[in-house]
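Protein chains in written order, with our numbering: chain A, 206 to 453; chain B, 584 to 952.
Worth flagging that the hints you see were computed from the coordinates, not collected in a lab.
There's no promise every hint is true.
Calculated lysine-lysine pairs in the DSSO-like style (CA-CA distance at most 30 angstroms, straight line) [said to hold, decoys possible]:
#: 1; chain 1: A; residue 1: K280; chain 2: B; residue 2: K812
#: 2; chain 1: B; residue 1: K844; chain 2: A; residue 2: K280
#: 3; chain 1: B; residue 1: K844; chain 2: A; residue 2: K335
#: 4; chain 1: B; residue 1: K886; chain 2: A; residue 2: K342
#: 5; chain 1: A; residue 1: K366; chain 2: B; residue 2: K859
#: 6; chain 1: B; residue 1: K859; chain 2: A; residue 2: K342
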Amino acid sequence: MSETPIISFNTVNKWYGDFHVLRNIDLQVKKGERIVICGPSGSGKSTLIRCINRLEEHQQGTIIVDDIELTDDVKNIDSIRLEVGMVFQSFNLFPHMTVLENLIIGQHLVRRLPKRDAEEVAMTYLERVKIADQAIKYPGQLSGGQQQRVAIARSLCMKPKIMLFDEVTSALDPEMVKEVLDVMVDLAQEGMTMLVVTHEMGFARTVADRVIFMDEGQIIEENTPDAFFDNPTSERAQNFIGQVLHHL
Amino acid sequence: MDPVNRIFHEEQPPPVRTTGLLAWSKENLFSSWFNIVISILLFWIIYQFVAFVLSWGLINAVWFGETAKACPDSSGACWAFITSRWRLFVYGLYPNDLYWRVNVVYVLAAITIASFVWSFGKSTMRIRMTMFIGFPIAAYIFLIGGFWGLKYITPENFGGLLLTLTIATSGIFGSIPLGLILMLGRTSDLKIYSKVCTVFIEFWRGVPHIVVIVMFVALLPLFVPGGGKVDIVVRAFIAFAAFNSAYMAEVFRGGLQSIPKGQFEASRAIGLSYWKMMGYIILPQAIRNSIPALVNTCISIFKETTIVLLVGFSDFLGIIHLSLETPDWLGPPHISTSGYVFAAMIYFVFTFGMSKYSKRLENRSNVDN
Chain A
206 MSETPIISFN
216 TVNKWYGDFH
226 VLRNIDLQVK
236 KGERIVICGP
246 SGSGKSTLIR
256 CINRLEEHQQ
266 GTIIVDDIEL
276 TDDVKNIDSI
286 RLEVGMVFQS
296 FNLFPHMTVL
306 ENLIIGQHLV
316 RRLPKRDAEE
326 VAMTYLERVK
336 IADQAIKYPG
346 QLSGGQQQRV
356 AIARSLCMKP
366 KIMLFDEVTS
376 ALDPEMVKEV
386 LDVMVDLAQE
396 GMTMLVVTHE
406 MGFARTVADR
416 VIFMDEGQII
426 EENTPDAFFD
436 NPTSERAQNF
446 IGQVLHHL
Chain B
584 MDPVNRIFHE
594 EQPPPVRTTG
604 LLAWSKENLF
614 SSWFNIVISI
624 LLFWIIYQFV
634 AFVLSWGLIN
644 AVWFGETAKA
654 CPDSSGACWA
664 FITSRWRLFV
674 YGLYPNDLYW
684 RVNVVYVLAA
694 ITIASFVWSF
704 GKSTMRIRMT
714 MFIGFPIAAY
724 IFLIGGFWGL
734 KYITPENFGG
744 LLLTLTIATS
754 GIFGSIPLGL
764 ILMLGRTSDL
774 KIYSKVCTVF
784 IEFWRGVPHI
794 VVIVMFVALL
804 PLFVPGGGKV
814 DIVVRAFIAF
824 AAFNSAYMAE
834 VFRGGLQSIP
844 KGQFEASRAI
854 GLSYWKMMGY
864 IILPQAIRNS
874 IPALVNTCIS
884 IFKETTIVLL
894 VGFSDFLGII
904 HLSLETPDWL
914 GPPHISTSGY
924 VFAAMIYFVF
934 TFGMSKYSKR
944 LENRSNVDN
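For reference, chain A alone in the conformation it holds in the complex (with noise of 0.2 angstroms):
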């Protein structure tokens, strides 16, 4: 059924220390959905996507993703981490191997494929995201913009049913957030169920199915793009694509 949510909230709350970061967290997303979460910063969004493969903890409610639910139990983390990619802001790439061992070492060691099978997956999502030339260079040799699709194609090898994008633009100079971009909006177009926790609203009216609005730890706001961006009905989400607009 492709109605059952392949990741739903159930009332999740989480603290920092005596912060509050998520409160009363309700959310469903469907298989193929592509979700656009936004919010000023401190507002607990990437908070939320990284309590989706729990390198963050919540304390209360249930979160359930691909049928599985979030426990401590070691065995739950490990699938749900097969199932769910993440690609960060800051690129994380491991600056002691090669592009191509950075994509093969994830699926030799979790996956068990042979070094052989892995390298030719890991050549075909280099095509993908048009960097198959740098294979044998190092990260420290790419630019931002190359290192961060390298990090995509890296997440993309684990066969992931589930993207994360953590601010995945944020860091990147102007000139190469376009080409991070399209092949992101490449990854929507084929179905790829996407969280993506970012500012760039060109992006979030070209592919996203919804628009999370986020502040203070809680869901503001929920709508599709055009209505959020032309019609935003709280005056936080008002203020928030004010000032997001402001210099456009």
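Starting from the structure of chain A, add chain B where the hints point.
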């Protein structure tokens, strides 16, 4: 504002610097009267020093002789003391007819060092690991023996450079893996491991090394049943590995802390388990970042081996010290000066080599980044 179009400038080479010895010395040594005076003074001091070293160490030195009578004149070094006793200094009391076994180990040591200096492409890491694990085992087999037709030699016969090097090697080769384990324990999320390792590290760091050596060598049989059965020199090996592992653990912890959090997160996000993450992603980077501090610790381990003198071992310094007090070599003080100068030179050669190696590794990792 009107648009301004500027001329596009072609790339140009940097201005040529005037070099050459004359230009350089004019600029750096003789640029003012004050500098001229200072430079001349310094040249004079350097000249005096070099002249003294040459005349004392080479020209007026006595190179051969069997007793102190060979060196009556204090205007030159008494290298005869070294040349007549070098076997003792290098091999200690190891049986004469088995020197070849020590030589094999010295050659293996040289090969091990070479494997860490030169690079062998893809298999570099594998070769180094093999040598790192293989060398101590081979050294044990050849030096102590007791099987495969190799006669058992008690480590109590070790002495001189052989003892210094075996203590330093067991200190270095023992403390690195032990230090890694301690560091992993100390940084573990499991409170119990972390507490135990922290206590262990703080204990060994907090106790003076001389106390540790005396406890292990002299007092161990009193506290630990059967402790007296362990060879006295082996106990010194263990003591050196134990307290240096605490320092190594802290060195590695420094390296670990230099790894950005993102490396851990990316590893976990692609599903690596704790051990795979540590083994393939984190430790290779952390160890590499610890190398300068690690070599620094190795240098201090090497120099600190001299404290075994206090429990009556004849390490390299000890055996020179003892030889100077034998009736044959009792004589004018310049003989003992020669002995200690020689000891200092040998220690310096080893530590300077290590420090050069560390410098090289630092430069190399700068290039990679």
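Query - Holds or violated: K886 (chain B) to K342 (chain A), with C-alpha atoms at most 30 angstroms apart - result: Given that 30 angstroms is the threshold and the Cα spacing comes to 42 angstroms, the pair is violated.
**Study point:** 30 angstroms limit on alpha-carbon distance, applied to hinted pair K366 (chain A) and K859 (chain B)
**Key:** Given pair K366 (chain A), K859 (chain B) holds - Cα atoms ~23 angstroms apart, limit 30 angstroms.
* Measure nothing beyond the straight line between the CA atoms of K844 (chain B) and K335 (chain A); if it is 30 angstroms or shorter, mark the hint as holding. => holds (28 angstroms)
Between the alpha carbons of K859 (chain B) and K342 (chain A), is the straight-line distance 30 angstroms or under? Answer holds: K859 (chain B) to K342 (chain A) is near 23 angstroms, not above 30 angstroms.
Exercise for the section: Starting from K844 (chain B), check that the Cα of K280 (chain A) is at most 30 angstroms away, please. Expected result: Distance ~23 angstroms between K844 (chain B) and K280 (chain A) Cα, so the pair holds.
* **Given hint K812 (chain B) paired with K280 (chain A) - CA-CA distance at most 30 angstroms** => Not satisfied, since the Cα-Cα distance of roughly 48 angstroms exceeds 30 angstroms.
Checked against the numbered hints listed earlier, the structure breaks hints 1, 4; every other hint is satisfied.
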